[in-house]
Amino acid sequence: MKLFRVLIRSIQDAFKSVFRNFSLSLASISCITITLIIVAIAIVASFNVENFTKLIEKDMTIVAFVSKDATTEEVEKLKKDIDSNKNVASYVFKDKAVIKEDMQKESETFKTILSQWKDEESPLKSAFQVKVKDVKKIGKTAETIENMDKIDLVRYGEGMVEKMVKTFESVEKVAYGAVIALVLVTIFLIVNTIKLTIFSRKREISIMRLVGASNFTIKTPFIIEGMVLGLLGSIIPILFTTFGYISFYDHFDGHLYSELIRLIKPEPFIYTFSLIVLVIGIIVGMIGSARAVRKYLKV
Amino acid sequence: MDLIRLKNVTKQYKNGVTAIYDLNLSIKKGSFVFIIGGSGSGKSTLIKMLYREEKPTKGQIAVGGLNVAKLRNSKVYKLRRKLGIVFQDYRLLPKLTIYENVAFAMDVIGAKKSERRIKVLKALEVVGLKDKVHNYPDQLSGGEQQRVAIARAIVNDPKLLLCDEPTGNLDPEKSMEIMKVLDNINKTRGTTILMVTHDKDIVNKMKKQVIVLKEGRIVKNKEKGIYYDEAI
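Chains as they are written, first to last, in my numbering: chain H, 1 to 299; chain F, 1 to 232.
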């Protein structure tokens with residue numbers, strides 16, 4: 001009951017104090033707002049990069065063409081060998097007849113040309129489409145498959161795709177680093193702005209301590225005040241990034257430059273990152289004021 | 001029974017100045033004690049150690065059963081709730097009314113609202129300021145402000161009242177008013193009062209226990225003592 005009363009008083013005090021020291025509160029809020037906008041953009045960017053890196057990795061396939069003269073038994077042996085490879089996640093075997101049908105479906109031109117060929121003179125080859133578990137080892141796996149009997153040719157988009165994945169990986173790392181650095185900078189700025197607010201209430205704190213207020217009682221209103229500042233400071237960044245992302249997504253029709261780089265659908269992604277930004281704002285405000293008030297509790 | 005007990009207490013400041021040398025002292029419950037001495041005699045240091053603004057370098061201090069010398073920063077409030085403190089500069093909050101200033105001491109320890117009103121008004125009655133509850137500190141004279149500070153100090157019924165030169169800023173007439181209030185609190189509530197002062201008249205008129213400090217040592221501890229110039 002007593003704790004409850006102290007807590008209620010703290011929350012009331014926090015709101016009162018935010019409005020009583022409005023100019024200083026505004027300074028803290030705008031400082032949180034500006035950094036959170038950058039944090040939010042960095043979060044959106046890193047989530048997207050992570051998302052399409054994964055999609056591209058998932059799409060990466062090794063295509064291994066089987067020699068024309070391979071017998072049914074030899075194909076069966078190849079199936080077994082590919083299946084037993086440790087890095088192979090799954091494989092699909094497509095007979096040349098199936099490939100022919102697939103191609104015929106794609107366009108009218110193919111359909112007429114292909115229908116003229118008989119099975120014996122068809123230039124098409126049966127092929128394995130192999131998906132790997134670890135994209136980084138795709139080159140080695142492709143090599144192993146190429147060395148198998150009755151395999152003619154292996155292709156996996158070597159070079160270009162690997163470079164792309166590597167680039168995205170470093171972009172992602174930089175984005176995460178930026179988020180962490182910005183959060184630290186925000187905490188530092190908040191500590192200093194809240195210190196100003198607290199400095200004007202130094203006397204009040206010292207009197208509170210003299211009349212027997214526990215550190216918890218003194219700290220709580222300041223910490224709640226910090227949380228309120230963080231909450232108010234994250235409103236604009238959330239609105240900015242939410243509407244910004246939706247219009248960005250609509251403008252580029254869901255993908256950048258090519259179909260390969262797909263953006264995350266706005267829903268429910270906007271809710272997820274809004275929540276993340278809100279939580280970061282509140283925690284940053286909380287840590288900031290807790291650190292700022294600590295200095296005055298040592299007497 | 002002893003409310004305060006100091007055993008072999010030494011206080012040396014970081015700059016090397018030793019304010020208190022190997023001091024032993026015990027103060028009985030319900031007594032009214034003056035601590036006098038010249039500048040630098042260690043009287044302020046002594047009272048600061050009692051409310052744990054300063055920590056002793058060596059020795060033990062017990063106040064109302066609490067081991068003050070070993071009290072951690074986060075537990076200081078436990079000691080402060082057992083005592084009331086009055087300062088020379090009143091230390092009131094200018095933005096709060098008289099009533100709110102006194103109630104503040106009850107708020108921070110989480111007292112009930114119903115209990116609060118009764119106790120605050122009673123404390124203000126003891127110091128004779130019941131008709132000024134809605135005024136602000138700057139609308140009051142120095143003597144009245146000090147009486148508000150006393151009301152705030154006694155509102156939680158402490159066993160001990162520490163006064164650090166409470167009459168230092170007041171003229172003799174107002175000083176005597178403050179002393180009457182303190183004497184009344186001591187007699188009617190049984191609150192132990194420890195007062196640091198160098199007001200000769202007050203000490204001589206009150207005829208209470210007097211402890212004389214000189215260069216960090218007790219040179220005299222007398223019941224119904226008076227202020228000898230040669231003692232300083």
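Hints were generated in silico from the structure; no laboratory data involved. Computed from a predicted structure; not experimentally measured. Where is the CB? At the ideal position from N, CA and C, for every residue including glycine. Take the hints with a grain of salt, since some may be wrong.
Cβ-Cβ distance ranges computed for the label pairs, FRET-style [unchecked claim]:
id	chain 1	residue 1	chain 2	residue 2	range
1	F	Gln139	H	Ile246	55 to 63 Å
2	F	Tyr13	H	Val171	52 to 60 Å
3	H	Phe248	F	Lys75	35 to 43 Å
4	H	Leu7	F	Lys75	32 to 40 Å
5	F	Ser74	H	Phe19	55 to 63 Å
6	F	Lys78	H	Val171	50 to 58 Å
7	F	Ser74	H	His255	53 to 61 Å
8	H	Leu3	F	Gly142	36 to 44 Å
9	F	Asn169	H	Ile180	48 to 56 Å
10	H	Phe22	F	Lys222	43 to 51 Å
11	F	Asn24	H	Leu3	19 to 27 Å
12	F	Ser74	H	Phe4	20 to 28 Å
No farther apart than 30 Å at their CA atoms in a straight line, the calculated lysine-lysine pairs in the DSSO-like style are these [claimed, not checked]:
id	chain 1	residue 1	chain 2	residue 2
13	F	Lys159	H	Lys298
14	H	Lys202	F	Lys214
15	H	Lys219	F	Lys119
16	H	Lys94	H	Lys79
17	H	Lys96	H	Lys58
18	F	Lys220	H	Lys202
19	H	Lys163	H	Lys131
20	H	Lys219	F	Lys214
21	H	Lys173	H	Lys150
22	F	Lys55	H	Lys295
23	F	Lys14	F	Lys187
24	H	Lys111	H	Lys150
25	F	Lys214	F	Lys70
26	H	Lys202	F	Lys78
27	H	Lys202	F	Lys75
28	F	Lys95	H	Lys16
*Does the Cβ pair phenylalanine 22/H, lysine 222/F satisfy 43 to 51 Å?*
Once the Cβ atoms are compared, 58 Å apart, the range 43 to 51 Å for lysine 222/F and phenylalanine 22/H is violated.
*Within a Cα-Cα threshold of 30 Å, do lysine 220/F and lysine 202/H meet the stated pairing?*
violated (39 Å)
_Satisfaction of the hinted span 52 to 60 Å by the C-beta atoms belonging to tyrosine 13/F and valine 171/H_ = Holds, at about 58 Å.
*With a cut-off of 30 Å on the C-alpha distance, tell me whether lysine 14/F and lysine 187/F pass.*
With Cα atoms ~40 Å apart, lysine 14/F and lysine 187/F exceed 30 Å; violated.
*Is lysine 95/F close enough to lysine 16/H, meaning Cα to Cα at most 30 Å?*
Status holds; Cα separation ~14 Å.
*36 to 44 Å as the expected CB spacing between glycine 142/F and leucine 3/H, which holds or is violated*: holds (39 Å)
_Would the hint linking lysine 159/F and lysine 298/H be met if the CA-CA limit is 30 Å?_
holds (25 Å)
*Sort out whether lysine 214/F lies within 30 Å of lysine 202/H, counting only the CA atoms.*
Cα-Cα ~34 Å, so violated.
*Taking the beta carbons of asparagine 24/F and leucine 3/H, is their distance inside 19 to 27 Å?*
violated (41 Å)
*asked:* Check the hint pairing lysine 214/F with lysine 70/F against an upper bound of 30 Å on the C-alpha distance.
replied: Holds. Lysine 214/F to lysine 70/F sits at ~26 Å (cutoff 30 Å).
*Would the pair lysine 111/H and lysine 150/H pass a check requiring their Cα atoms to be no farther apart than 30 Å?*
OK: lysine 111/H and lysine 150/H at ~28 Å, within 30 Å.
*So the hint says 55 to 63 Å: do the beta-carbon atoms of glutamine 139/F and isoleucine 246/H match that?*
For glutamine 139/F and isoleucine 246/H the Cβ distance comes to about 58 Å; the hint holds.
Going through the hint list in order, the structure does not satisfy hints 3, 4, 5, 10, 11, 14, 18, 20, 21 and 23.
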